[in-house]
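K.L.:
Here is what each chain is made of, one letter per residue.
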Amino acid sequence: MVGPLWGFFQLVRSSGHIPLSIDQYFFFVHALHAEAFRTVSTKADLLALMKIFWLNEPGFEPQFNALFNRFFDDKVLWKILPDQKTENEAGDDGHDHGQQEKTSGPEAPAPDPSANDDLKKDPGKKADHTQDARSEIELILKDSTAGEGKEAPFKRELAHAFALSDKSIMPFDARKFAQRLRRKVETAEQVSSDRINAPEMVRQFVELGFIEEIIYELEDASYSNIVLFSDRFGSMLAYEYLDMQFRDSLRNIPHCTFEHYAFYNLPVSSEDRRGFLFTPADAKGGEISSDRHPWTRNTWFFILSDAGGHSGTVNRQRIIRTNQFWTFLTGISEFVYWINPIPAAYLNDCTAKRLQMKIPMITPEMANLNQLVKEARTVR
Amino acid sequence: MKYKLLEPGGGHDLEVKGREVNRYTYTYHFSGQGLVTAPIAGRKRKISTYIIKKQLIDAVNAAIVTGRPLLLKGAPGSGKTKLAEAVASYFYHDEAYKYYFEWHVKSRSRARDGGYVFDHVGRMRDATISDYDKKAGKRAADPANYITLGALGYALQTRTAPGYKPILLIDEIDKGDIDFPNDLLLELDEMRFKVNEMDNTYIEAHKDKKSNEQIRPLVFITSNDERELPPAFLRRCLYYYIPEFEEPLLRRIAVSKMKEFYQDHKKKAPAGLDKEKDNPLDPFVRKFMDLKDTATGSKPPSTSEMLDWLKLITFEIIHKGRRLEDLVDDGDIQRITLKLNA
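For the record, the sequence lines run as chains A and B.
Note that this note's numbering has the first sequence beginning at 5, numbered continuously upward.
Note that this note's numbering has the second sequence beginning at 139, numbered continuously upward.
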């Protein structure tokens with residue numbers, strides 16, 4: 005049963021949801037051969053055991069279950085020994101270990117040499133299946149070239165889940181994203197200036213009776229580490245919860261200067277040089293400003309907007325302005341990310357679809373956000 | 139090497155009965171004896187009854203077979219922490235605490251603390267007074283005198299009977315610093331750590347005399363998911379999420395706990411608690427399920443809070459003569475024990 009397991013292991017790895025290392029596969033196989041797991045005889049048992057070894061995040065459980073069910077329904081014959089019952093009608097007595105080698109195609113699992121070695125060393129092993137409780141089940145890869153060839157092609161899981169402003173179906177945990185980001189974002193600390201901090205020295209003198217050393221004023225050498233631009237208007241009102249999740253988790257990153265702006269992602273007759281109306285998200289009025297903390301090449305910019313994805317129309321002026329805005333930000337830093345809550349597959353020909361030709365947009369899912377941080381690691 | 143595993147009872151679950159266990163003192167000698175444990179006369183600790191579900195039994199057995207730590211997640215009050223103690227009680231009975239060690243992680247915990255703590259201040263003091271106190275001077279010359287092993291150190295150094303493993307609980311690992319889990323990788327992988335203050339000194343897991351195989355402690359790690367754990371750490375662990383309990387299991391838990399509460403008060407438990415149908419605790423469990431879904435509070439009440447509720451109800455029955463039927467609907471008791479809004 006090693007071949008199909010290896011195939012499924014590879015499938016889980018390649019799905020990108022769960023990081024798996026090769027030793028996790030070997031530990032699982034090790035456990036399967038232990039006396040304790042002789043009772044594994046149903047799909048439910050196998051799934052439960054696999055989860056112990058290969059799943060380490062409850063959020064990925066639905067994807068894991070879906071992958072398992074599809075793989076073991078589509079690709080694997082489930083043989084129960086010694087009655088030789090098959091759960092799948094497509095199976096017949098002609099299936100044996102040799103069929104593993106016949107399977108082809110990109111999804112074909114690598115045959116496990118140790119399985120065949122065992123058979124070579126002990127030709128009587130197959131006959132022993134009936135006496136060995138461990139061998140009550142046998143998994144065999146379906147022969148995709150046999151029969152009428154009507155086996156349904158294996159479908160990959162949808163790469164996205166639609167995000168609504170409902171906590172119960174949030175496809176990601178913004179807090180965990182912020183934790184990952186924390187490892188990447190550089191933060192600066194305060195540095196001493198050349199100005200003497202007289203009040204502090206007086207305070208020290210009063211407390212201690214003497215002055216230990218000269219105390220200088222501290223200078224704020226920090227820059228804006230993270231800037232979040234949230235489109236808060238029109239259809240984006242529905243994503244306010246998403247915006248709040250991002251805001252709350254990003255601003256909780258220690259030693260990190262965080263700025264949050266609401267912006268109106270439509271050209272307005274404002275005097276703003278980029279043609280957008282910006283306001284600090286938590287204050288009234290005011291335009292975008294980088295006076296408080298400079299934006300540097302180390303600043304991370306996140307834009308949360310559907311970019312007109314809900315409108316279903318193409319607004320040429322908006323495309324031009326948005327491109328200007330994007331160019332402005334990417335001119336400052338290379339860490340500029342557009343998070344669009346609407347998956348690309350759901351977009352018709354609209355402003356957002358056209359903008360995506362130039363501006364990469366990601367949907368807010370854990371896998372995408374993790375990938376974002378991972379790729380950013382390779383930038384420098 | 140063949141290790142002793144958890145064996146499910148007649149059903150699919152395993153009920154580990156509550157019992158009183160001995161407490162021990164631990165002393166480690168770097169030369170010769172190794173870890174010496176001695177029971178503390180008159181000091182006992184109560185371990186509560188614990189019902190382990192079939193899937194969780196598999197997870198624990200998988201951890202025993204593969205020697206990997208078992209990472210437990212689940213809602214607060216779902217029994218993550220108590221599992222390790224229950225497993226120790228299952229294997230070692232009243233000697234559970236001789237082979238079971240707890241490491242409660244705090245925000246300031248360092249990975250090294252689990253292995254050992256070095257009393258630098260004590261050594262410096264002894265060295266300072268060595269001119270006047272020869273004993274102190276002699277003591278200061280040997281750094282081993284200032285080392286106290288932590289839970290991980292004890293777990294590695296404890297000798298068990300063949301086929302048994304020491305048990306270590308690393309509780310609430312997500313409370314530690316962001317780098318805490320990564321700092322534990324080597325220790326968990328190789329089951330050893332270096333004592334920096336002593337030359338070439340490692341504390342490592344014992345080996346079986348016959349097979350020369352390393353006896354890796356059975357490690358339980360709990361997390362409340364407050365913090366994401368790094369992938370390098372996760373891939374070294376097996377994983378189990380303790381799900382919410384269904385009504386039949388909740389009833390079994392309630393029944394066994396109620397018997398335990400009566401036992402604690404040295405009273406006889408009411409008749410009918412073992413009945414499958416018309417169990418006197420049925421209304422209690424149904425009410426709890428209902429409140430869990432509908433009531434509002436700081437969080438949905440967990441199994442742990444249900445047991446607090448049951449404990450108070452049992453107290454009211456025993457000492458005030460009230461009836462279970464009335465107590466189940468007592469809103470004040472519900473609000474206090476289940477932490478519900480008024």
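Treat the hints as calculated values from the structure; they're not laboratory data.
Among the clues, some could well be false.
[Claimed, not checked] One-sided excerpt, in silico: chain B residues whose CB lies under 10 Å from chain A:
| no. | residue |
| --- | --- |
| 1 | K184 |
| 2 | Y188 |
| 3 | Q193 |
| 4 | I195 |
| 5 | D196 |
| 6 | L367 |
| 7 | F399 |
| 8 | Y400 |
| 9 | D402 |
| 10 | K404 |
| 11 | K415 |
[As the list claims (entries may be wrong)] Only pairs whose alpha carbons sit at most 25 Å apart, straight line, appear in this in silico BS3-like list of lysine-lysine:
| no. | chain 1 | residue 1 | chain 2 | residue 2 |
| --- | --- | --- | --- | --- |
| 12 | B | K155 | B | K313 |
| 13 | B | K272 | B | K313 |
| 14 | B | K211 | A | K180 |
| 15 | B | K313 | A | K188 |
| 16 | B | K184 | A | K47 |
| 17 | A | K180 | B | K313 |
| 18 | B | K184 | B | K405 |
| 19 | B | K477 | B | K155 |
| 20 | B | K449 | B | K184 |
| 21 | B | K449 | A | K47 |
| 22 | B | K211 | A | K47 |
[Said to hold, decoys possible] Here are the in silico distance ranges between beta carbons for each label pair:
| no. | chain 1 | residue 1 | chain 2 | residue 2 | range |
| --- | --- | --- | --- | --- | --- |
| 23 | B | D431 | A | S196 | 38 to 48 Å |
| 24 | B | Q352 | A | S25 | 44 to 54 Å |
| 25 | A | I26 | B | K142 | 22 to 32 Å |
| 26 | B | K155 | A | I26 | 14 to 24 Å |
| 27 | A | E211 | B | E335 | 32 to 42 Å |
| 28 | B | G469 | A | I26 | 55 to 65 Å |
Ideal Cβ placement from N, Cα and C applies to all residues, glycine included.
K.L.:
Hints first: check each against the structure and report whether it holds.
P.N.:
These are the hints, each one checked on the structure:
no., hint, verdict
1, K184, "30 Å, violated"
2, Y188, "19 Å, violated"
3, Q193, "5 Å, holds"
4, I195, "9 Å, holds"
5, D196, "6 Å, holds"
6, L367, "8 Å, holds"
7, F399, "32 Å, violated"
8, Y400, "35 Å, violated"
9, D402, "35 Å, violated"
10, K404, "39 Å, violated"
11, K415, "28 Å, violated"
12, B:K155 / B:K313, "30 Å, violated"
13, B:K272 / B:K313, "44 Å, violated"
14, B:K211 / A:K180, "16 Å, holds"
15, B:K313 / A:K188, "21 Å, holds"
16, B:K184 / A:K47, "39 Å, violated"
17, A:K180 / B:K313, "14 Å, holds"
18, B:K184 / B:K405, "18 Å, holds"
19, B:K477 / B:K155, "28 Å, violated"
20, B:K449 / B:K184, "16 Å, holds"
21, B:K449 / A:K47, "40 Å, violated"
22, B:K211 / A:K47, "24 Å, holds"
23, B:D431 / A:S196: 38 to 48 Å, "58 Å, violated"
24, B:Q352 / A:S25: 44 to 54 Å, "21 Å, violated"
25, A:I26 / B:K142: 22 to 32 Å, "29 Å, holds"
26, B:K155 / A:I26: 14 to 24 Å, "41 Å, violated"
27, A:E211 / B:E335: 32 to 42 Å, "37 Å, holds"
28, B:G469 / A:I26: 55 to 65 Å, "56 Å, holds"
The structure shown violates the earlier hints numbered 1, 2, 7, 8, 9, 10, 11, 12, 13, 16, 19, 21, 23, 24, 26.
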